[in-house]
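Given chain A, work out where chain W should sit, using these hints.
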Amino acid sequence: GAGVSQSPRYKVAKRGQDVALRCDPISGHVSLFWYQQALGQGPEFLTYFQNEAQLDKSGLPSDRFFAERPEGSVSTLKIQRTQQEDSAVYLCASSLVLAGRGSNQPQHFGDGTRLSIL
Amino acid sequence: AQTVTQSQPEMSVQEAETVTLSCTYDTSESNYYLFWYKQPPSRQMILVIRQEAYKQQNATENRFSVNFQKAAKSFSLKISDSQLGDTAMYFCAFMKDNNDMRFGAGTRLTVKP
Chain A
1 GAGVSQSPRY
11 KVAKRGQDVA
21 LRCDPISGHV
31 SLFWYQQALG
41 QGPEFLTYFQ
51 NEAQLDKSGL
61 PSDRFFAERP
71 EGSVSTLKIQ
81 RTQQEDSAVY
91 LCASSLVLAG
101 RGSNQPQHFG
111 DGTRLSIL
Chain W
1 AQTVTQSQPE
11 MSVQEAETVT
21 LSCTYDTSES
31 NYYLFWYKQP
41 PSRQMILVIR
51 QEAYKQQNAT
61 ENRFSVNFQK
71 AAKSFSLKIS
81 DSQLGDTAMY
91 FCAFMKDNND
101 MRFGAGTRLT
111 VKP
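Protein chains in written order, with our numbering: chain A, 1 to 118; chain W, 1 to 113.
Just chain A, with the same shape it has in the complex (with noise of 0.2 angstroms):
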């Protein structure tokens, strides 16, 4: 496809089990995004990856979040020891251009994955 793809779109797992998320961008799109949305809020920053260099994980809220993307291609975002704050809708985006060329490339979303902890 031509967009960004996301897997699982929904994903139900018990706290305390480990969960891995899939991002699949947009090809040849160097910059990858994840985010993390609460219900009924804005999208929050969770880290950012430039080919396969994660440049920025100041986002990322424990250091139970993990996320790689090896071959600067598909990312995975990892939970480990998952609890109920991270229910959540996680997106994944990806842009054209390199940071700081200062473009105004805008990213594109997929459609998220849904995670719920029980």
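It cannot be assumed that every hint is accurate.
Simulated restraints, written as ranges between beta carbons of each label pair [what the hints assert, rightly or not]:
#, chain 1, residue 1, chain 2, residue 2, range
1, W, Asn58, A, Ser27, 32 to 38 angstroms
2, W, Leu84, A, Ser116, 26 to 32 angstroms
3, W, Lys112, A, Gln80, 43 to 49 angstroms
So, partial list: chain W residues that the calculated Cβ filter (under 10 angstroms) puts toward chain A [what the hints assert, rightly or not]:
#, residue
4, Val4
5, Gln6
6, Met11
7, Tyr25
8, Ser42
9, Gln44
10, Met45
11, Leu47
12, Gly85
13, Met95
14, Met101
15, Arg102
16, Ala105
A few chain A residues that face chain W, going by a derived Cβ cut-off under 10 angstroms, partial list only [said to hold, decoys possible]:
#, residue
17, Arg9
18, Tyr35
19, Gly40
20, Pro43
21, Asp111
22, Arg114
For the record, the hints were derived by calculation from the structure and aren't laboratory data. The beta-carbon is built from N, C-alpha and C at its ideal position, and this holds for glycine as well.
What follows is chain W alone, placed relative to chain A:
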């Protein structure tokens, strides 16, 4: 840090009429980018319109236009000739140097037939 404020949690408008959604932001940067995204129930964030801070001319995309007031740090969205398909959450967003975006809390817009 940049913050984005949307002071209208919910708005409604009659079909074919005009509605304006408000957004203010706080930053010390001189160059940045502003966006309005639409999020229907399907959850996908859809870009509606964007504005570069160094451009004085307000951006326009068909029925959508913005009123960008840089000194006041205000970036409102005007939707003309509202359509039922415009019903969605609308998020204002700030971006510096193509890094992470900062979003407002959103405005839920309902277009009534």
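Against the structure, the hints:
Between Asn58 of chain W and Ser27 of chain A the Cβ separation comes to about 33 angstroms, which falls inside the hinted range of 32 to 38 angstroms. Under the hint 26 to 32 angstroms, the C-beta atoms of Leu84 of chain W and Ser116 of chain A, about 30 angstroms apart, fit the expected range. At about 46 angstroms, the CB distance of Lys112 of chain W to Gln80 of chain A agrees with the hint of 43 to 49 angstroms. This hint holds: Val4 of chain W has a C-beta 8 angstroms from the nearest C-beta of chain A, less than the 10 angstroms allowed.
Here the hint on Gln6 of chain W is kept, as its CB sits about 8 angstroms from the closest CB of chain A, short of 10 angstroms. Among the interface hints, the one on Met11 of chain W is violated; its C-beta lies about 15 angstroms from the nearest C-beta in chain A, farther than the 10 angstroms criterion. Checking Tyr25 of chain W against chain A by beta carbon gives a least distance of about 12 angstroms; that is not within 10 angstroms, so the hint is violated. Interface hint at Ser42 of chain W: satisfied, since its Cβ lies 6 angstroms from the closest Cβ of chain A, which is below the 10 angstroms cut-off.
Here the hint on Gln44 of chain W is kept, as its CB sits about 5 angstroms from the closest CB of chain A, short of 10 angstroms. Among the interface hints, the one on Met45 of chain W holds; its C-beta lies about 4 angstroms from the nearest C-beta in chain A, closer than the 10 angstroms criterion. Given hint, Leu47 of chain W at the interface with chain A, holds; its Cβ is 5 angstroms from that chain's nearest Cβ, closer than 10 angstroms. With a cut of 10 angstroms, the hint placing Gly85 of chain W at the interface with chain A is violated, because the nearest CB-to-CB distance is about 18 angstroms.
For Met95 of chain W, the shortest C-beta to C-beta distance to chain A is roughly 8 angstroms, which falls under 10 angstroms, so the interface hint holds. Interface restraint check: Met101 of chain W against chain A, minimum CB-CB distance 6 angstroms, threshold 10 angstroms, status holds. Hint status for Arg102 of chain W relative to chain A: holds, with the closest Cβ pair at about 7 angstroms, below 10 angstroms. Restraint check, Ala105 of chain W versus chain A: the minimum CB separation of about 5 angstroms is within 10 angstroms; hint holds.
About 9 angstroms separates the beta-carbon of Arg9 of chain A from the nearest beta-carbon of chain W, less than 10 angstroms, and the hint is met. The interface hint given for Tyr35 of chain A holds, since its Cβ lies 8 angstroms from the closest Cβ of chain W, which is under the 10 angstroms cut-off. Interface hint at Gly40 of chain A: satisfied, since its Cβ lies 8 angstroms from the closest Cβ of chain W, which is below the 10 angstroms cut-off. Taking 10 angstroms as the C-beta cut-off, the interface hint given for Pro43 of chain A holds, the closest approach to chain W being about 5 angstroms.
Interface hint at Asp111 of chain A: satisfied, since its Cβ lies 5 angstroms from the closest Cβ of chain W, which is below the 10 angstroms cut-off. This hint holds: Arg114 of chain A has a C-beta 8 angstroms from the nearest C-beta of chain W, less than the 10 angstroms allowed.
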